[in-house]
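K.L.:
Protein sequence lines correspond, in order, to chains A and B.
At position 173 of the first sequence the residue is numbered 172 (numbering that gives the first Met the number 0), and the sequence of numbers has no breaks.
At position 138 of the second sequence the residue is numbered 137 (numbering that gives the first Met the number 0), and the sequence of numbers has no breaks.
Because the hints were derived from the structure by calculation, they are not lab data.
Every residue, glycine too, gets a C-beta built ideally from N, C-alpha and C.
Misleading hints may appear alongside valid ones.
[Claimed, not checked] Here's a subset of chain B near chain A, in silico, CB distances under 8 Å, partners left out:
(1) Ala135
(2) Glu162
(3) Thr165
(4) Arg198
(5) Leu205
(6) Ala209
(7) Leu213
(8) Glu216
(9) Arg218
(10) Gly243
(11) Arg260
(12) Gly291
(13) Glu292
[Claimed, not checked] Here are the computed distance ranges between Cβ atoms for each label pair:
(14) A:Ala50 to B:Gly128: 20 to 26 Å
(15) A:Gly10 to B:Pro305: 47 to 53 Å
(16) A:Thr167 to B:His309: 52 to 58 Å
The lines below spell out each chain.
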Amino acid sequence: MLAAEQLALAGRLSAVSASLRPGEVAAICGPNGAGKSTLLACLAGLLAPDAGSAALDGAPLTAMPSGLRARAIGYLPQTPELAWDVSVETLVSLGRIPWRGAPAGEAQDAIEAVITAMDLEQLRHRPVSRLSGGERARALLARVLATSPRWLLADEPLANLDLAHAATMIAQLRQLSRTGVGVVLVLHDLAAAMNHADRVLVLDRGRLVADGPPPVALAEAMIGRVWGVTGRWLGEPGAQALALS
Amino acid sequence: MTRPLLILALSLALAVPLSLLAGRVWIDPFAPTTRNAALILVELRLPRAVLALTLGAGLGAAGAAMQGYLRNPLADPGLFGIAPGAALGAVLSLWTGYAAAPYALPLFALVGAGGAMALLALIAGREGGVALFTLAGMMLASLAGALMSLAISLAPTPFAMSEIVTWLMGALADRSWREVWIAVPLTLGGLGLLIAAGRGLDALTLGEAAARSLGIEPRHLQALMIAGIGLTVGASVAVAGIIGFVGLIVPHLVRPLTDRRPSRLLLPSALAGALLLLIADCLCRVLPLAGGELRLGIALSLIGAPFFLHLLLRMRRGMA
Chain A
0 MLAAEQLALA
10 GRLSAVSASL
20 RPGEVAAICG
30 PNGAGKSTLL
40 ACLAGLLAPD
50 AGSAALDGAP
60 LTAMPSGLRA
70 RAIGYLPQTP
80 ELAWDVSVET
90 LVSLGRIPWR
100 GAPAGEAQDA
110 IEAVITAMDL
120 EQLRHRPVSR
130 LSGGERARAL
140 LARVLATSPR
150 WLLADEPLAN
160 LDLAHAATMI
170 AQLRQLSRTG
180 VGVVLVLHDL
190 AAAMNHADRV
200 LVLDRGRLVA
210 DGPPPVALAE
220 AMIGRVWGVT
230 GRWLGEPGAQ
240 ALALS
Chain B
0 MTRPLLILAL
10 SLALAVPLSL
20 LAGRVWIDPF
30 APTTRNAALI
40 LVELRLPRAV
50 LALTLGAGLG
60 AAGAAMQGYL
70 RNPLADPGLF
80 GIAPGAALGA
90 VLSLWTGYAA
100 APYALPLFAL
110 VGAGGAMALL
120 ALIAGREGGV
130 ALFTLAGMML
140 ASLAGALMSL
150 AISLAPTPFA
160 MSEIVTWLMG
170 ALADRSWREV
180 WIAVPLTLGG
190 LGLLIAAGRG
200 LDALTLGEAA
210 ARSLGIEPRH
220 LQALMIAGIG
230 LTVGASVAVA
240 GIIGFVGLIV
250 PHLVRPLTDR
260 RPSRLLLPSA
270 LAGALLLLIA
280 DCLCRVLPLA
290 GGELRLGIAL
300 SLIGAPFFLH
310 LLLRMRRGMA
């Protein structure tokens with residue numbers, strides 16, 4: 000269980016409480032500046048809240064040894080950086096950094112498994128600078144998965160991906176949640192949240208205003224209140240689109 | 000990874016004995032008829048070669064670590080302000096005349112390096128961010144530079160002034176075993192710390208937030224960097240003056256031979272730095288120059304500046 004308890008951060012979050020379950024895809028939605036990335040960073044243990052706490056299975060993240068936290072929670076930043084033009088395989092191997100002291104064979108097995116699962120076999124020796132946008136996103140996600148985390152926190156993983164690559168990414172994240180990993184995503188695309196998340200948290204100016212299944216949390220009235228637009232959901236459940244008027 | 004290490008180690012094994020033979024007096028190993036050959040070898044050339052290897056290794060690894068830490072291929076260990084701090088200490092010892100006493104100059108330089116390290120830790124250490132750290136380092140470097148210029152302009156005697164200016168140019172001429180005993184332990188300690196920082200530097204490849212999410216403590220990493228760079232660079236300035244560009248050039252030459260992970264760059268950079276400094280020092284010794292030897296610091300800057308320009312142009316092409 001990854002839980003926020005009365006989480007507050009000056010000017011950015013106020014009294015946010017939510018507890019997330021493993022095996023579930025949770026989406027954090029909200030207008031620009033609502034505090035989505037801040038909440039995600041708190042849940043990843045990267046930001047210390049002014050008040051309240053974020054806790055993993057009851058243990059506050061800020062008091063947890065950083066190595067232990069790093070093995071449990073994988074974090075994919077919004078704009079992933081890469082200072083050196085390493086190969087895909089080397090990039091993925093960076094995900095094993097928290098497992099210092101583990102047998103080398105175990106690390107190699109984990110890296111191989113992720114490379115196969117993410118369909119990077121053909122690209123493993125290619126420098127990341129020579130990948131397409133979609134391949135790059137896949138390789139960066141593979142880096143996080145190489146840690147074998149129990150939680151995956153990703154900030155806007157669909158940004159900059161075209162339709163097909165976004166669909167692949169969503170399928171991969173859903174597959175991951177089926178293996179028992181808790182997936183938490185910051186999403187701008189409300190249709191993606193509506194169709195693919197198990198649960199949606201809506202933030203508005205630092206407050207949690209809705210938390211529940213997508214049809215409830217992203218109801219048309221809620222969208223009107225939080226985003227200030229009049230929208231209507233069209234289509235079948237699981238393949239809905241938001242029409243704005 | 001292992002092949003470049005092997006090649007570098009082999010080249011060193013070849014270069015070291017050759018470097019001992021080269022100099023103003025050439026020594027023929029097959030007909031050792033040169034007068035005082037043993038003395039020249041053991042008391043002059045050997046300590047000089049050991050120093051070149053030690054300082055080169057320290058500066059090469061410090062450069063590699065520095066580029067990894069700042070995530071910038073143009074970073075140089077001098078940026079931290081530790082080298083200028085050490086140089087300022089040495090300049091003060093020359094200015095006050097204490098440098099005449101044995102061990103005083105290196106001691107002053109090490110105190111200067113230590114002062115710069117402490118100031119850096121004080122200014123930037125609380126949050127461990129890289130940007131503030133870089134700015135603090137640059138501020139320290141320019142402050143130390145200004146104070147050195149002040150010391151030169153207010154030199155008590157023309158002799159002290161020329162001493163300071165010559166010393167700042169960096170050289171390995173006329174060094175003895177005494178300098179070796181100062182530099183070797185400090186450099187080895189510094190190398191150990193930089194190697195310990197390797198994992199953190201690898202994680203930083205992904206940016207600061209991702210590095211922290213991988214369990215890297217920024218303040219811990221920063222402390223390792225300050226101490227590691229301080230010891231390697233401080234030791235080199237203390238015994239040889241300012242020797243620039245090694246830390247900039249060497250990691251560049253070596254990087255394409257590795258998988259580009261900063262941790263994997265440290266050891267090859269140390270070996271390549273040792274090789275570069277050894278060869279450069281031999282050239283300085285051998286080049287016929289009226290009025291003495293070419294200063295090592297000048298020679299490396301002469302090679303280094305065009306190299307830096309080449310690098311900049313290549314990077315610009317890469318971006319275009």
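K.L.:
Now, for every hint given, state plainly whether the structure supports it.
P.N.:
Taking the hints in turn, this is what the structure says about them:
| no. | hint | in the structure |
| --- | --- | --- |
| 1 | Ala135 | violated (21 Å) |
| 2 | Glu162 | violated (42 Å) |
| 3 | Thr165 | violated (39 Å) |
| 4 | Arg198 | holds (6 Å) |
| 5 | Leu205 | holds (6 Å) |
| 6 | Ala209 | holds (6 Å) |
| 7 | Leu213 | holds (5 Å) |
| 8 | Glu216 | holds (6 Å) |
| 9 | Arg218 | violated (11 Å) |
| 10 | Gly243 | violated (23 Å) |
| 11 | Arg260 | holds (6 Å) |
| 12 | Gly291 | violated (42 Å) |
| 13 | Glu292 | violated (38 Å) |
| 14 | A:Ala50 to B:Gly128: 20 to 26 Å | holds (24 Å) |
| 15 | A:Gly10 to B:Pro305: 47 to 53 Å | holds (51 Å) |
| 16 | A:Thr167 to B:His309: 52 to 58 Å | violated (42 Å) |
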